[in-house]
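Kindly generate the complete structure, drawing on both the sequences and the hints.
There are 2 protein chains.
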Amino acid sequence: MKHIKIIDLLNNTKTLQEVTAKGWVRTFRNNQFIALNDGSTIHNIQCVVDFENTSDDILKRITTGAAICVKGTLVESQGAGQKVEIQVTSLEILGDSDAEKFPMQPKRHSLEFLRENAHLRVRTNVFGAIMRVRSVLSFAVHQYFQQKGFVYVNTPIITGSDAEGAGEMFQVTALPLDGSAPKNEDGSINYKEDFFGKQTNLTVSGQLEGETFAMALGQIYTFGPTFRAENSNTSRHLAEFWMIEPEVAFNDLADNMDLAEDFIKYVIKYAVDNCADDLKFLDERFAQEEKQKPQAERSEMTLLEKLNFVLENNFKRVSYTEAIDILKDSTPNKKKKFQYLIEEWGADLQSEHERFLVEKHFKCPVILFDYPAKIKAFYMRLNEDGKTVRAMDILFPGIGEIVGGSQREERYDVLVEKMKALGIDEEELWWYLDTRRFGSAVHSGFGLGFERLVLFVTGMTNIRDVIPFPRTPQNAEF
Amino acid sequence: MKHIKIIDLLNNTKTLQEVTAKGWVRTFRNNQFIALNDGSTIHNIQCVVDFENTSDDILKRITTGAAICVKGTLVESQGAGQKVEIQVTSLEILGDSDAEKFPMQPKRHSLEFLRENAHLRVRTNVFGAIMRVRSVLSFAVHQYFQQKGFVYVNTPIITGSDAEGAGEMFQVTALPLDGSAPKNEDGSINYKEDFFGKQTNLTVSGQLEGETFAMALGQIYTFGPTFRAENSNTSRHLAEFWMIEPEVAFNDLADNMDLAEDFIKYVIKYAVDNCADDLKFLDERFAQEEKQKPQAERSEMTLLEKLNFVLENNFKRVSYTEAIDILKDSTPNKKKKFQYLIEEWGADLQSEHERFLVEKHFKCPVILFDYPAKIKAFYMRLNEDGKTVRAMDILFPGIGEIVGGSQREERYDVLVEKMKALGIDEEELWWYLDTRRFGSAVHSGFGLGFERLVLFVTGMTNIRDVIPFPRTPQNAEF
Chain D
1 MKHIKIIDLL NNTKTLQEVT AKGWVRTFRN NQFIALNDGS TIHNIQCVVD
51 FENTSDDILK RITTGAAICV KGTLVESQGA GQKVEIQVTS LEILGDSDAE
101 KFPMQPKRHS LEFLRENAHL RVRTNVFGAI MRVRSVLSFA VHQYFQQKGF
151 VYVNTPIITG SDAEGAGEMF QVTALPLDGS APKNEDGSIN YKEDFFGKQT
201 NLTVSGQLEG ETFAMALGQI YTFGPTFRAE NSNTSRHLAE FWMIEPEVAF
251 NDLADNMDLA EDFIKYVIKY AVDNCADDLK FLDERFAQEE KQKPQAERSE
301 MTLLEKLNFV LENNFKRVSY TEAIDILKDS TPNKKKKFQY LIEEWGADLQ
351 SEHERFLVEK HFKCPVILFD YPAKIKAFYM RLNEDGKTVR AMDILFPGIG
401 EIVGGSQREE RYDVLVEKMK ALGIDEEELW WYLDTRRFGS AVHSGFGLGF
451 ERLVLFVTGM TNIRDVIPFP RTPQNAEF
Chain U
1 MKHIKIIDLL NNTKTLQEVT AKGWVRTFRN NQFIALNDGS TIHNIQCVVD
51 FENTSDDILK RITTGAAICV KGTLVESQGA GQKVEIQVTS LEILGDSDAE
101 KFPMQPKRHS LEFLRENAHL RVRTNVFGAI MRVRSVLSFA VHQYFQQKGF
151 VYVNTPIITG SDAEGAGEMF QVTALPLDGS APKNEDGSIN YKEDFFGKQT
201 NLTVSGQLEG ETFAMALGQI YTFGPTFRAE NSNTSRHLAE FWMIEPEVAF
251 NDLADNMDLA EDFIKYVIKY AVDNCADDLK FLDERFAQEE KQKPQAERSE
301 MTLLEKLNFV LENNFKRVSY TEAIDILKDS TPNKKKKFQY LIEEWGADLQ
351 SEHERFLVEK HFKCPVILFD YPAKIKAFYM RLNEDGKTVR AMDILFPGIG
401 EIVGGSQREE RYDVLVEKMK ALGIDEEELW WYLDTRRFGS AVHSGFGLGF
451 ERLVLFVTGM TNIRDVIPFP RTPQNAEF
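Chains as they are written, first to last, in the working numbering: chain D, 1 to 478; chain U, 1 to 478.
These are computed hints drawn from the structure, not numbers from a lab.
Keep in mind that the hints are not guaranteed to be accurate.
[As the list claims (entries may be wrong)] Result set (SDA-like, lysine to any residue): computed pairs, CA atoms no more than 20 Å apart in a straight line:
#, chain 1, residue 1, chain 2, residue 2
1, U, Lys183, D, Gly179
2, D, Lys183, U, Ser180
3, D, Lys2, U, Gly149
4, D, Lys198, U, Ile424
5, U, Lys71, D, Asn462
6, U, Lys183, D, Ile189
7, U, Lys148, D, His43
8, U, Lys192, D, Pro473
9, D, Lys148, U, Asp252
10, U, Lys269, U, Glu284
11, D, Lys183, U, Glu284
12, U, Lys363, U, Trp431
13, U, Lys198, D, Asp252
14, D, Lys183, U, Pro332
15, D, Lys148, U, Tyr270
16, D, Lys2, U, Asp252
17, U, Lys183, D, Asp252
18, D, Lys192, U, Asn12
[Claimed, not checked] FRET-style restraints, in silico, Cβ to Cβ:
#, chain 1, residue 1, chain 2, residue 2, range
19, D, Phe51, U, Arg437, 19 to 29 Å
20, D, Asn190, U, Asp348, 30 to 40 Å
21, U, Lys2, D, Ser319, 18 to 28 Å
22, D, Asn31, U, Val416, 28 to 38 Å
23, U, Arg437, D, Lys280, 31 to 41 Å
24, U, Lys2, D, Gln288, 46 to 56 Å
25, D, Glu100, U, Val416, 13 to 23 Å
[Said to hold, decoys possible] Derived coverage of chain D by chain U (criterion: at least 3 residues anywhere in the stretch with Cβ under 8 Å from a Cβ of chain U; other residues may be distant):
#, region
26, 134-142
27, 237-243
28, 305-315
29, 417-423
30, 460-470
Each residue gets a CB set at the ideal place from its N, CA and C atoms; glycine is no exception.
The structure is reproduced here in structure tokens:
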């Protein structure tokens, strides 16, 4: 008899049928009650063992982590906490789990310990929930864009272009590192002998390639891994993370903000609607975590309230210039509590300033726009004032920047001038410039760091806990 | 007035309304008829210009590739080939395209030329169609698995594990290549000083990490980029390609074959149902290409017939042993037409043998299973005969291997013995072995090379033409 997934058993109302279930033992109480989980849901099914008619040898092997197959009758449960349970008629141990050695004991482990056991942590309630929510969120991303007619584009991971300047890059090579790589006469590495015939790196963004596709297909999005070789050992940075980058021909900055806000609300709504059980569990976990904090630092809202707050409120749109005025006049600035004091227009905003705006001042998601050209990337559309660009960042409470985007500079001459001023090689970006040479048009796009979204939706606080196998400085285990 | 996408204009039955459209000029005939495309569909909308009341200066700038905005009345078309057209009342040039310089002329270009212009080729009918079909196929992949409750897992791209042995790997490093990288006393590179504190590579497969998640979440799938540093300059290989790898706890090899066949049929059906216009175009293109071939080499079926054939027929399941018998007795083997003659059981099958089985003998997709252990990977489940493993490959006409999978060796002792025999470091794969130490169970999975699927569905013949920016030896442009 084919086994039935536990999520389907729990939703089953046809009791008194013979069923088979397979899964892993979470707990075994009183030599009688197995809590069995197969990953299909956060809920376990209770399997009641007839211990008087089960050999001691088998009973001893029903340990936390063991894989088992049970056959029995699905009956209404007499106990609290579940509607149905399985009265076991036969039980087979598929794979033992030595109770002394299995690292995932039925107790609370530190997140640090669990990170070191990333291959097993997903067998816990919290990581099972996070990974299911992450999966549903990623599907929501695809569904949102596909329903709107966007074309999914896989921009290259290995890139010969290093001009974007979004961050430090990892080098990709098939050459040896020991000094024996072929060299040019001037002593530099002869990359013509490398696999791709040139120096290559891991991409920091698919935007530039994405733009070329938007200027043909109209609406496109990427969703793939991106990389930063920055030595940032923080709870907000990963060396390898997944990014979503839509790009739309004929969209201006206002359209871009509308798209980003609508998109974020859609995917959060989708998770709220489709991950109710997991989010309920994570909501309770969030509440427990908050209780550990001093009163003053506790969140004013529960996790689910935070999610609904985002869904129900417009993101506050504030120009950089307004934001600077607010920050200059703010108490932490006047009292010199900011590490970086805001003194004049043009200052780059630090995390502390973004958090003040979002968490203290506006108390809602904020879209900052029209930044000084000097602190933003070369490809952003220069405003008529000649000093600001049509950039926008979306800031979220507790997360900081979750989206960075802009209307792109569509004017060939202005773009080339900007590249020259910044020393960006025109020859290398010949293909990017072609989009402005042939049929250029207003277009806009943004990048959303997927893990920051998962962080927000799950209420976790360290980005290493929302990706299966985090890559950070000094860590590429598994 | 907000512009309307061309796909929506063409499907509109409410004529005599004022509309705005934006897009790129494909052709401009008789100073009057613009074929306008915005990438939302393969079809252009005809825009009829009132040339007597339009300045020569504007008319001259309506060139192939130019971006324009037209306003006008949507009317029933008098001409053949379209139901509606736009009677233009005003026309704005958004971005010029110098007719002398724009590489994508309205004529047939060689695929080789188009590859060198991968940033512009997507503005042609054929590449627009391919990229839309690719996008829809990728969504079908996610929808199939999500509907069945699979969890999408992003396995790591940068990996510290090189034990899978699926192919040559690219190295990822932040160290210099010129010989100045820090060294150990024995002269070897001191990778402790590299970004991750160890030697790292680009993944060749997410399977091993995926297995650890399947043993917790039950049903998982990956869909991400994978890499091979193999110097294969063929029409079937890429250095960077996208792979789909489902892994299911409690599935045996028969379940695995069922899943793979059902999955492939679902995604092809989804494309047939949702890409009708693009596939009709590609079907016509395929027919034209076939006409160029000598009669004997032409496909017996049109592209759409090939797709429907896969949907309507069971994949033929044949054991390796049966396949060897068929090949040994085959005419090309007897007449020594095979480059590698099949002499005895145990031989590895080459592309020529796979093609013979699929295209000449069975004339349908074939699933070969139960391969000799010696020619397959260490993690495959050894059969009771002690010499074959529960492997399966799916072979497609014109494509060759599209899926490779297996039931995995779930027995700790057998797996360790196999690793020892092959010199695979147990210490390095401690986490993989943990899945067999704690709650091991029968499980199976497979890998499907996404580009080979796109190749089959679009009827293209070179894998470089079904990925936006192909990476191959000596080529990482863009």
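Handout entry: Structure-inconsistent hints, enumerated in ascending order
Key = Numbers 4, 5, 9, 11, 12, 13, 14, 17, 18, 28 and 29 - these are the hints that the structure violates, sorted from lowest upward.
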